[in-house]
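Colleague: Read top to bottom, the protein sequences are chains V and L. When we follow our numbering, the leftmost residue of the first sequence carries the number 9, and every step to the right adds one. When we follow our numbering, the leftmost residue of the second sequence carries the number 9, and every step to the right adds one.
The reader is advised that the hints may include incorrect statements.
If several chains are the same, the list does not tell them apart, and a pair holds so long as it fits within one copy or across any two.
[As the list claims (entries may be wrong)] Below, simulated PhoX-like cross-link-like pairs (lysine-lysine); rule was C-alpha separation at most 20 Å, straight line:
#1 Lys28 / Lys67
#2 Lys42 / Lys134
#3 Lys67 / Lys42
#4 Lys237 / Lys261
#5 Lys10 / Lys261
#6 Lys42 / Lys261
#7 Lys237 / Lys10
#8 Lys42 / Lys10
#9 Lys28 / Lys10
#10 Lys42 / Lys28
#11 Lys237 / Lys42
#12 Lys261 / Lys134
Don't read these hints as lab results, they were simulated from the structure.
Number of protein chains: 2
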Amino acid sequence: MKTFIECIPCLIRQAVDTAKFVTEDTELLQRIVKECLILAADFDISQPPPASARRIYRKICEMTGNNDPYQEVKARFNRMVLAMLPELIRIVGSSGDPFMTALRMAIAGNVIDFGVNGGVSENAVKRAIENSIQEPLSGDISALRIAVERAGSILYLADNAGEIVLDRLFIGYLPADRVTLAVRGGPAINDATLADAYAAGLHEMVRVIDNGYDAPGTLLDQCSPEFQKVFADADLVISKGQGNFETLIGVDKNIFYLFKVKCAVAAMLSDLPLGTYAVVNGNA
Amino acid sequence: MKTFIECIPCLIRQAVDTAKFVTEDTELLQRIVKECLILAADFDISQPPPASARRIYRKICEMTGNNDPYQEVKARFNRMVLAMLPELIRIVGSSGDPFMTALRMAIAGNVIDFGVNGGVSENAVKRAIENSIQEPLSGDISALRIAVERAGSILYLADNAGEIVLDRLFIGYLPADRVTLAVRGGPAINDATLADAYAAGLHEMVRVIDNGYDAPGTLLDQCSPEFQKVFADADLVISKGQGNFETLIGVDKNIFYLFKVKCAVAAMLSDLPLGTYAVVNGNA
Numbered sequence: 009m010k011t012f013i014e015c016i017p018c019l020i021r022q023a024v025d026t027a028k029f030v031t032e033d034t035e036l037l038q039r040i041v042k043e044c045l046i047l048a049a050d051f052d053i054s055q056p057p058p059a060s061a062r063r064i065y066r067k068i069c070e071m072t073g074n075n076d077p078y079q080e081v082k083a084r085f086n087r088m089v090l091a092m093l094p095e096l097i098r099i100v101g102s103s104g105d106p107f108m109t110a111l112r113m114a115i116a117g118n119v120i121d122f123g124v125n126g127g128v129s130e131n132a133v134k135r136a137i138e139n140s141i142q143e144p145l146s147g148d149i150s151a152l153r154i155a156v157e158r159a160g161s162i163l164y165l166a167d168n169a170g171e172i173v174l175d176r177l178f179i180g181y182l183p184a185d186r187v188t189l190a191v192r193g194g195p196a197i198n199d200a201t202l203a204d205a206y207a208a209g210l211h212e213m214v215r216v217i218d219n220g221y222d223a224p225g226t227l228l229d230q231c232s233p234e235f236q237k238v239f240a241d242a243d244l245v246i247s248k249g250q251g252n253f254e255t256l257i258g259v260d261k262n263i264f265y266l267f268k269v270k271c272a273v274a275a276m277l278s279d280l281p282l283g284t285y286a287v288v289n290g291n292a
Numbered sequence: 009m010k011t012f013i014e015c016i017p018c019l020i021r022q023a024v025d026t027a028k029f030v031t032e033d034t035e036l037l038q039r040i041v042k043e044c045l046i047l048a049a050d051f052d053i054s055q056p057p058p059a060s061a062r063r064i065y066r067k068i069c070e071m072t073g074n075n076d077p078y079q080e081v082k083a084r085f086n087r088m089v090l091a092m093l094p095e096l097i098r099i100v101g102s103s104g105d106p107f108m109t110a111l112r113m114a115i116a117g118n119v120i121d122f123g124v125n126g127g128v129s130e131n132a133v134k135r136a137i138e139n140s141i142q143e144p145l146s147g148d149i150s151a152l153r154i155a156v157e158r159a160g161s162i163l164y165l166a167d168n169a170g171e172i173v174l175d176r177l178f179i180g181y182l183p184a185d186r187v188t189l190a191v192r193g194g195p196a197i198n199d200a201t202l203a204d205a206y207a208a209g210l211h212e213m214v215r216v217i218d219n220g221y222d223a224p225g226t227l228l229d230q231c232s233p234e235f236q237k238v239f240a241d242a243d244l245v246i247s248k249g250q251g252n253f254e255t256l257i258g259v260d261k262n263i264f265y266l267f268k269v270k271c272a273v274a275a276m277l278s279d280l281p282l283g284t285y286a287v288v289n290g291n292a
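Work out the full structure, taking the sequences as your base and the hints as a guide.
Modeller: The following block contains the structure:
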């Protein structure tokens, strides 16, 4: 997708949230926001929002000398969800439809998004997981089940740290020997990187790669040739989160997008109400 | 107050809302947003947000060649509330505490704010008025009553068009011969100007003046000498809306601020939850 003008204030809000997260130095904060406004005046709005989010995030990292501000947050949310995992495995396993229950929990994990909400709390995540069973979900789950059964190779695009532990839960109901999990190629807000995939233990279940680029989404033409090949060769792509949805929607590929609808633009594009657990079939 | 960095994304959001309201020309919209971002990088954040909101609004007017984009909206909301007025006068008059009921309705009118919400609907306004009786209200109303009784001269600072008709309802319970009502000196979003005060019939009840400046607030040092004198001479100032609160809070004057708390920064400054009907005693 292109960047809508409604995305611009949101990207500036993300800049303010990230800057406040990284520093308490008022003078530096003001300089960062000023630089991000100048940067935003120069955004290429033919590109999806994560391309601009990356430019803002890199600018803040550069100005604060901190290359991975959310490193500690990512580790903390991984630990938190890992601590819940045995109980969640039990709940999923004893549910009437484990695939569906695990899918819902994987989407619930999508609340751990420091781009959309700079102040995600551990309690909010626990509540989201607890409530995941009854949240409004929209999408053709049978089509996803069939696509999974038929696919010789599945590329699973992870989104955020913490969330990736819930992806592990769901991936447990996919054919592990046919799944490749891909994470970001470098720090992008609290998006999962290789360190998070390892922390979540995913390397013990499936093949794990990174996409070679540090945007909070999948900008295919910026990704590494290795990733591009895996993407091209995959029979099915399961794409987590709004960032991947924003960067891949419209790509001619068998993709199912799993995400929580978090903003008016994504609601408009998916034709689903805010807050919906979306399972969007990119082919339909 | 100064401008907080949290205000910057909100001011950009206001720019987008206003630009979309004024034009549907995508290319012009993009140029407007770009110019507003460049302008925002140059904001004087030692000034209150309405000073920056004014710069954005003037820029959009200049770029679209439309000096008063909300003129029709202002007239429409005046007409709508005027049509409700006889029934509201009856409800207020037959209530146990007409001063309080009218005060609540005047604050309910504060939802007609195209700065905070670019898509205020007539239904939302009707609902706000109907619900005004039971909304959480915070403030020392006895202190306001006493201040009104004691004041030889009262300056009432209006906020938005439409809302000003509900101010008329409340002003009916103030000593009319001692009240001066002041509006903006020129178009500022949907803020009330002289035309709105006349449309609301306020000139038949009290002395009506304008403040000589076109910001969506009261930037005293930019206002006309005539307004500054009325302000200086007033024993009591009743200030409607967040814009007046943001620009006057901290001024050494006997001011009661009546507004609905509409953003996190105003909530923090007033120490009241979002959505509260606030009656803030500037002296307390």
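Colleague: A separate judgement is required for each hint: does it hold in the structure or not?
Modeller: Hints and how they fare:
1. In the homo-oligomer, the alpha carbons of Lys28 and Lys67 lie at most 20 Å apart inside one protomer (14 Å), although the nearest pairing across protomers, at 29 Å, exceeds that limit.
2. In this assembly of identical chains, the alpha carbons of Lys42 and Lys134 never lie at most 20 Å apart, being 36 Å within a copy and 40 Å across copies at closest.
3. Within a single copy, Lys67 and Lys42 get their C-alpha atoms as close as 11 Å, and across copies as close as 19 Å, so both meet the 20 Å cut-off.
4. Taking the closest pair of Cα atoms, Lys237 and Lys261 come within 20 Å of each other only inside a single copy of the chain (13 Å); across copies the shortest separation is 70 Å, beyond that limit.
5. In this assembly of identical chains, Lys10 and Lys261 lie within 20 Å of each other by CA distance solely inside one copy; the values are 18 Å within and 51 Å between copies.
6. When the C-alpha separation of Lys42 and Lys261 is checked against a cutoff of 20 Å, the pair qualifies neither within a copy, at 39 Å, nor between copies, at 34 Å.
7. Taking identical chains as interchangeable, the C-alpha atoms of Lys237 and Lys10 are never at most 20 Å apart, the minima being 24 Å within one chain and 53 Å between chains.
8. Taking the closest pair of Cα atoms, Lys42 and Lys10 come within 20 Å of each other only across two copies (16 Å); inside a single copy the shortest separation is 24 Å, beyond that limit.
9. Proximity of Lys28 to Lys10 under the C-alpha cut-off of 20 Å is restricted to the inter-copy arrangement: shortest distance 18 Å between copies versus 28 Å within a copy.
10. When the C-alpha separation of Lys42 and Lys28 is checked against a cutoff of 20 Å, the pair qualifies only within one copy, where the shortest distance is 14 Å, while the shortest distance between copies is 24 Å.
11. In this assembly of identical chains, the alpha carbons of Lys237 and Lys42 never lie at most 20 Å apart, being 40 Å within a copy and 37 Å across copies at closest.
12. Taking CA atoms no more than 20 Å apart as the test, Lys261 paired with Lys134 passes in neither setting, with 34 Å inside one copy and 49 Å between copies.
Hint compliance for this structure: hints 2, 6, 7, 11, 12 are broken, all remaining hints hold.
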